[in-house]
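*Asks:* Each chain, written out:
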Amino acid sequence: MLTEKARDQLASIAGQENMKTDTASLLAYSYDSTSQYQAMPDAVVSPATTNEVASIVQVCNNENIPIVPRGSGTNLCAGTTPLEGGIVLLFNRMDQIIEVDEENLTIRTQPGVFTKDINKVAEEVGLFYPPDPGSMHISQIGGNISENSGGLRGLKYGVTRDYILGLEIVLPNGKIIRTGGKLAKDVAGYDLTRLYVGSEGTLGIVTEATLKLIPQPETKKTMLALYRDLESAAETVSAIIANRIIPATLEFLDQATVRVVEDFAQIGLPTDAQAVLLIEQDGASEVVARDMERIAVLCKENNAFKVTVAESKQQADALTSARRTALSALSRLKPTTILEDATVPRSEIAKMVRAINDIAVKYEVSICTFGHAGDGNLHPTCLTDIRNKDEITRVEKAFEEIFHKAVELGGTITGEHGVGAMKLPHLHLKAGEAGIEAMRSIKAALDPNGIMNPGKVFTQAERNRVVVNK
Amino acid sequence: MTGKKEKENIQSAMKERIDYDELLNCTRCGFCLPSCPTYIETGKNEVHSPRGRIALMKGLVDGEIEPSEEVKQSINMCLGCRACEPVCPSGVRFGHLLEQARDALHQHEKKSVPKKTIRNLVFNQLFPHQNRMIRLTGLLGFYQRSGLRNTAKRLGIMKLLPDTLEMMEKVLPSVPTKREMQQRPRHLLPINRSTKKVAFFAGCLMDTVFRQTNEATTKLLQYAGCEIVIPETQGCCGALHGHSGEVNNAKEMAKRNIEAFEAADVDYIITNAGGCGAFLVDYGHLLRGEPEWQERAKAFSRKIKDVTSVLMDAGFDQLPLQVKERVVTYQDSCHLRNVQRIFMEPRKLLQSIEGVRYVEMKDAGRCCGSAGIYNITESEMSMQILDYKMKQTKQTRAKTVVTANPGCLLQMKLGIEREGLFDQVEAVHIADFLLEAYENGQKHAEDNERNSTEEFHVGKTGKITH
Ligand SMILES: Cc1cc2nc3c(=O)[nH]c(=O)nc-3n(C[C@H](O)[C@H](O)[C@H](O)COP(=O)(O)OP(=O)(O)OC[C@H]3O[C@@H](n4cnc5c(N)ncnc54)[C@H](O)[C@@H]3O)c2cc1C
Ligand code: SF4
Ligand code: SF4
Numbered sequence: 001m002l003t004e005k006a007r008d009q010l011a012s013i014a015g016q017e018n019m020k021t022d023t024a025s026l027l028a029y030s031y032d033s034t035s036q037y038q039a040m041p042d043a044v045v046s047p048a049t050t051n052e053v054a055s056i057v058q059v060c061n062n063e064n065i066p067i068v069p070r071g072s073g074t075n076l077c078a079g080t081t082p083l084e085g086g087i088v089l090l091f092n093r094m095d096q097i098i099e100v101d102e103e104n105l106t107i108r109t110q111p112g113v114f115t116k117d118i119n120k121v122a123e124e125v126g127l128f129y130p131p132d133p134g135s136m137h138i139s140q141i142g143g144n145i146s147e148n149s150g151g152l153r154g155l156k157y158g159v160t161r162d163y164i165l166g167l168e169i170v171l172p173n174g175k176i177i178r179t180g181g182k183l184a185k186d187v188a189g190y191d192l193t194r195l196y197v198g199s200e201g202t203l204g205i206v207t208e209a210t211l212k213l214i215p216q217p218e219t220k221k222t223m224l225a226l227y228r229d230l231e232s233a234a235e236t237v238s239a240i241i242a243n244r245i246i247p248a249t250l251e252f253l254d255q256a257t258v259r260v261v262e263d264f265a266q267i268g269l270p271t272d273a274q275a276v277l278l279i280e281q282d283g284a285s286e287v288v289a290r291d292m293e294r295i296a297v298l299c300k301e302n303n304a305f306k307v308t309v310a311e312s313k314q315q316a317d318a319l320t321s322a323r324r325t326a327l328s329a330l331s332r333l334k335p336t337t338i339l340e341d342a343t344v345p346r347s348e349i350a351k352m353v354r355a356i357n358d359i360a361v362k363y364e365v366s367i368c369t370f371g372h373a374g375d376g377n378l379h380p381t382c383l384t385d386i387r388n389k390d391e392i393t394r395v396e397k398a399f400e401e402i403f404h405k406a407v408e409l410g411g412t413i414t415g416e417h418g419v420g421a422m423k424l425p426h427l428h429l430k431a432g433e434a435g436i437e438a439m440r441s442i443k444a445a446l447d448p449n450g451i452m453n454p455g456k457v458f459t460q461a462e463r464n465r466v467v468v469n470k
Numbered sequence: 001m002t003g004k005k006e007k008e009n010i011q012s013a014m015k016e017r018i019d020y021d022e023l024l025n026c027t028r029c030g031f032c033l034p035s036c037p038t039y040i041e042t043g044k045n046e047v048h049s050p051r052g053r054i055a056l057m058k059g060l061v062d063g064e065i066e067p068s069e070e071v072k073q074s075i076n077m078c079l080g081c082r083a084c085e086p087v088c089p090s091g092v093r094f095g096h097l098l099e100q101a102r103d104a105l106h107q108h109e110k111k112s113v114p115k116k117t118i119r120n121l122v123f124n125q126l127f128p129h130q131n132r133m134i135r136l137t138g139l140l141g142f143y144q145r146s147g148l149r150n151t152a153k154r155l156g157i158m159k160l161l162p163d164t165l166e167m168m169e170k171v172l173p174s175v176p177t178k179r180e181m182q183q184r185p186r187h188l189l190p191i192n193r194s195t196k197k198v199a200f201f202a203g204c205l206m207d208t209v210f211r212q213t214n215e216a217t218t219k220l221l222q223y224a225g226c227e228i229v230i231p232e233t234q235g236c237c238g239a240l241h242g243h244s245g246e247v248n249n250a251k252e253m254a255k256r257n258i259e260a261f262e263a264a265d266v267d268y269i270i271t272n273a274g275g276c277g278a279f280l281v282d283y284g285h286l287l288r289g290e291p292e293w294q295e296r297a298k299a300f301s302r303k304i305k306d307v308t309s310v311l312m313d314a315g316f317d318q319l320p321l322q323v324k325e326r327v328v329t330y331q332d333s334c335h336l337r338n339v340q341r342i343f344m345e346p347r348k349l350l351q352s353i354e355g356v357r358y359v360e361m362k363d364a365g366r367c368c369g370s371a372g373i374y375n376i377t378e379s380e381m382s383m384q385i386l387d388y389k390m391k392q393t394k395q396t397r398a399k400t401v402v403t404a405n406p407g408c409l410l411q412m413k414l415g416i417e418r419e420g421l422f423d424q425v426e427a428v429h430i431a432d433f434l435l436e437a438y439e440n441g442q443k444h445a446e447d448n449e450r451n452s453t454e455e456f457h458v459g460k461t462g463k464i465t466h
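Quick mapping for you: the protein sequence lines, in order, are chains A and B.
For the first sequence, position 126 matches number 126 in the UniProt record's numbering, and the numbering has no gaps at all.
For the second sequence, position 81 matches number 81 in the UniProt record's numbering, and the numbering has no gaps at all.
Certain hints may be false.
Said to hold, decoys possible - What the simulated footprint calls covered on chain B by chain A, stretch by stretch (three residues with Cβ under 8 Å from a Cβ of chain A suffice, anywhere in the stretch; the number is not a length): (1) 36 to 45; (2) 59 to 67; (3) 224 to 231.
What the hints assert, rightly or not - In the EDC-like style, the derived pairs of lysine to aspartate or glutamate whose C-alpha atoms are separated by at most 16 Å in a straight line are: (4) 72/B to 22/A; (5) 197/B to 265/B; (6) 185/A to 162/A; (7) 303/B to 259/B; (8) 334/A to 21/B; (9) 391/B to 360/B; (10) 182/A to 311/A; (11) 391/B to 417/B; (12) 334/A to 259/B; (13) 334/A to 19/B.
What the hints contain is simulated information worked out from the structure, not anything from laboratory work.
Glycine residues also receive a C-beta, built at the ideal position from the N, C-alpha and C atoms.
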């Protein structure tokens with residue numbers, strides 16, 4: 001609960017109308033896209049400027065009020081559920097692109113801008129902002145930065161981290177710092193920019209970002225390869241990379257996923273294939289043509305029974321946007337979808353796919369798999385029903401085993417969705433106890449009162465394996 | 001304020017009426033947020049988004065929250081435009097959830113006196129009774145004669161709805177006389193060629209206030225070769241009731257309509273109001289608790305077709321259509337677009353008219369804010385949405401704004417009036433516009449034929465390549 005004094009102070013900073021404490025507002029900001037997690041904040045605050053953010057943080061730091069920064073709440077790790085109450089901090093009034101610098105190829109933006117608007121604005125001046133998470137139509141750039149989000153083009157172009165040149169950050173003590181800038185190089189001290197990218201709102205608040213743009217690729221081609229079994233598709237992925245071709249996009253979908261996506265998008269996806277690869281290459285037209293030809297050969301060598309190339313830009317766009325709907329479309333099948341984010345080195349993708357299937361059989365759960373295969377990043381998605389407690393327990397066990405397998409193959413428990421509260425119990429698998437300890441020291445130094453997004457990534461105290469369940 | 005008893009009643013009504021599986025279907029992915037007009041217009045407030053509304057409904061059912069004023073406001077502020085449905089990968093049928101929630105809320109909600117007066121007049125006294133609709137000669141008459149105007153003044157509603165209703169008076173079309181309304185033909189034969197036998201769903205508002213548009217519609221159908229029956233015992237579709245939490249009323253109306261059209265034995269039942277059509281195709285859902293009506297409702301719904309869709313099927317766009325040269329734009333009817341998924345047909349028809357320079361409006365698919373009686377009950381938000389719509393309209397520089405639903409038509413007229421553009425821009429129903437184009441085209445073709453056959457061919461080719 002907020003004290004009356006804190007409440008008044010916050011309201012006077014942001015304006016009464018930008019501070020909400022009614023139950024409708026509290027409930028509407030109690031969840032994100034992660035199923036099973038929900039907790040009510042004490043207030044929802046929408047500041048308009050960096051200075052307002054700084055003043056709010058000062059009040060919260062003095063009064064020990066938790067702050068949960070929230071973009072559009074599309075994260076999949078319970079990263080914005082206010083588990084310990086406090087205030088949810090919104091950026092709906094900090095939603096402007098400040099500057100597009102065509103000489104330095106950068107964009108300066110406030111955190112509340114939708115990712116797709118960044119892509120669009122860049123495109124309008126012939127430039128390119130490659131990160132394109134499946135949620136790009138609604139996710140905010142501040143959320144992308146804080147989760148270090150990937151996307152469909154990650155294989156060739158990297159992830160959000162690779163496009164962040166500088167940040168303006170409000171530290172947990174209320175001080176404002178600026179890191180990096182419109183600079184191709186900068187080694188003045190620690191790389192705080194990188195530290196904050198992917199920090200999940202636990203170290204401070206991003207109030208502005210300078211993003212790197214690159215020239216638009218000349219052309220793009222899109223291809224579908226169809227398989228009678230999952231392993232062949234997975235082996236194709238490894239073969240393409242081993243042959244030193246780096247496609248822009250290399251996505252994997254199993255049959256169940258293709259079927260629900262087709263059900264929604266109705267664009268004529270092949271529902272008879274056991275597995276489908278969606279492959280894109282962009283660049284100079286002769287390079288694209290050559291790569292697509294070689295990829296087609298590799299697909300066939302690895303038992304693809306059909307390879308087709310999209311005939312028009314519309315058709316190609318329809319394919320990629322259909323792919324973006326995969327996760328949500330899967331929920332048509334069962335009331336609850338729980339998805340994971342296990343990532344392995346690309347060469348291990350076939351082994352991982354096989355392991356997931358075996359684990360699904362072992363625990364008698366239904367798992368559909370799709371994901372950024374080219375990044376070794378799979379999203380095994382469990383279709384279940386939260387009301388079925390017995391099955392949920394088996395689902396948790398199955399995922400536990402998937403995590404172990406991923407780490408065993410040299411991978412990680414999460415490739416792009418973040419740890420949040422959801423994967424907190426598993427962080428030690430990847431980071432190790434010493435790794436967590438190092439992170440905890442950084443956190444303690446920057447946020448001694450633990451006000452920033454508490455209960456996420458790791459717990460503050462020694463108890464490091466708490467299963468948060470609702 | 002919400003009393004304790006009322007809260008409990010609402011809570012249990014919610015539990016009873018809301019389809020819990022449908023609530024769970026929402027994965028909270030947020031994909032629907034950018035297409036929700038109220039989310040955008042409230043500066044991205046989750047409370048006024050589809051995902052937020054679903055969460056609030058679930059919170060009510062689960063007993064996590066109480067039906068506070070803010071919760072009710074969220075549900076009331078929803079336009080019911082269903083723009084959140086086609087974009088939802090999980091296939092959540094938000095429209096159904098909304099109906100169920102409103103039903104539960106309104107049955108137990110203590111309404112303020114002015115609101116109650118409007119609701120009672122509209123839902124119980126007026127729309128269920130076609131003869132009363134006729135007697136009242138439209139909203140204008142209804143407003144004046146029902147005493148609502150005086151009541152409204154006395155209760156201070158006029159302050160709540162400053163200019164909406166008053167302006168509405170200005171933009172209503174001149175209503176037909178009572179005699180005209182009662183003496184409508186019930187059977188019309190095709191003109192020129194015969195293709196299909198159809199029934200026409202006349203609608204309540206359409207058949208009184210917008211009688212002229214209904215006549216244009218049947219004329220068009222006749223030109224397209226349809227034999228038309230207009231069953232006498234049909235009435236209001238019930239959408240206004242269904243969407244406002246008066247479900248029992250709506251069910252009765254549905255049954256009456258099903259019966260009326262069963263007797264007609266036709267290929268299609270044609271509508272010319274997107275809002276009605278969308279409700280008619282959903283009768284199966286409306287009557288889901290009544291097994292003996294299931295098959296009948298589904299058979300009825302399968303036959304529903306929008307007039308633009310029949311016209312396209314009949315190749316109407318290949319006929320010589322012509323209007324005086326001008327820029328034309330189209331404002332989607334939310335329900336026609338989001339529920340019946342009809343949006344290409346009207347555009348194709350308009351683009352096939354010679355003289356039309358079609359300019360697509362930005363966000364043409366976004367609600368205009370009319371939404372049933374929303375522009376009366378939530379007038380502030382409605383006008384905010386309308387202002388955005390008018391900004392986009394002005395950018396097209398259109399002289400004619402075409403719509404496909406009476407509510408949208410009135411709202412667009414209201415917008416034009418508010419902007420002071422009445423001498424530059426007109427809003428029309430697509431049926432009226434197409435009829436004008438057809439009759440013009442015919443006349444032109446005949447004139448041409450009389451003068452020289454060659455010229456006619458040139459004109460014709462010009463039209464096709466348009
Ligand atoms: C259907 C679907 C598909 C998805 N596809 C992908 C995908 O392809 N790739 C991928 O990587 N992710 C994907 N995601 C996950 C999610 O969309 C991303 O993590 C996204 O970046 C979250 O953005 P958001 O604005 O919703 O942030 P939120 O969910 O609101 O917040 C995410 C985190 O960032 C913090 N945060 C937000 N704004 C700030 C700020 N200004 N300062 C400090 N901290 C802040 C929050 O505290 C939280 O920890 C998908 C999600 C869904 C539902
Ligand atoms: S798009 Fe559908 S599943 Fe996603 S939040 Fe909206 S209603 Fe829920
Ligand atoms: S029906 Fe329209 S206003 Fe209501 S939630 Fe859906 S998109 Fe928003």
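*Asks:* Need the status of pair residue 391/B, residue 417/B: alpha-carbon distance at most 16 Å?
*Replies:* holds, 13 Å
*Asks:* Take the C-alpha atoms of residue 182/A and residue 311/A, compute the straight-line distance between them, and say whether it is at most 16 Å.
*Replies:* violated, 39 Å
*Asks:* Counting residues of the region 36 to 45 of chain B that have a beta-carbon nearer than 8 Å to any beta-carbon of chain A, does the count reach 3?
*Replies:* holds (count 3)
*Asks:* If you draw a straight line from the CA of residue 334/A to the CA of residue 259/B, is it 16 Å or shorter?
*Replies:* violated, 37 Å
*Asks:* Verify the proposed pairing of residue 391/B with residue 360/B, using a straight-line Cα cut of 16 Å.
*Replies:* Distance of about 13 Å is within 16 Å: holds.
*Asks:* Quick check: do three or more residues in the region 224 to 231 of chain B have a beta carbon closer than 8 Å to a beta carbon of chain A?
*Replies:* violated (count 0)
*Asks:* Between the region 59 to 67 of chain B and chain A, are there enough contacts, at least three residues with CB-CB distance under 8 Å, for the coverage claim to hold?
*Replies:* holds (count 4)
*Asks:* Verify the proposed pairing of residue 334/A with residue 19/B, using a straight-line Cα cut of 16 Å.
*Replies:* holds, 15 Å
*Asks:* Do the alpha carbons of residue 334/A and residue 21/B lie within 16 Å of each other, as the hint requires?
*Replies:* At roughly 9 Å apart (the allowed maximum being 16 Å), residue 21/B and residue 334/A satisfy the hint.
*Asks:* Given the proposed pairing of residue 72/B with residue 22/A, does the C-alpha separation stay at or below 16 Å?
*Replies:* Holds - the C-alpha atoms of residue 22/A and residue 72/B are around 12 Å apart, at most 16 Å.
*Asks:* Could you grab the alpha-carbon distance between residue 185/A and residue 162/A and see if it respects the 16 Å cut-off?
*Replies:* holds, 13 Å
*Asks:* Within a Cα-Cα threshold of 16 Å, do residue 197/B and residue 265/B meet the stated pairing?
*Replies:* holds, 9 Å
Comparing the model with each earlier hint shows violations of hints 3, 10, 12; every other hint is respected.
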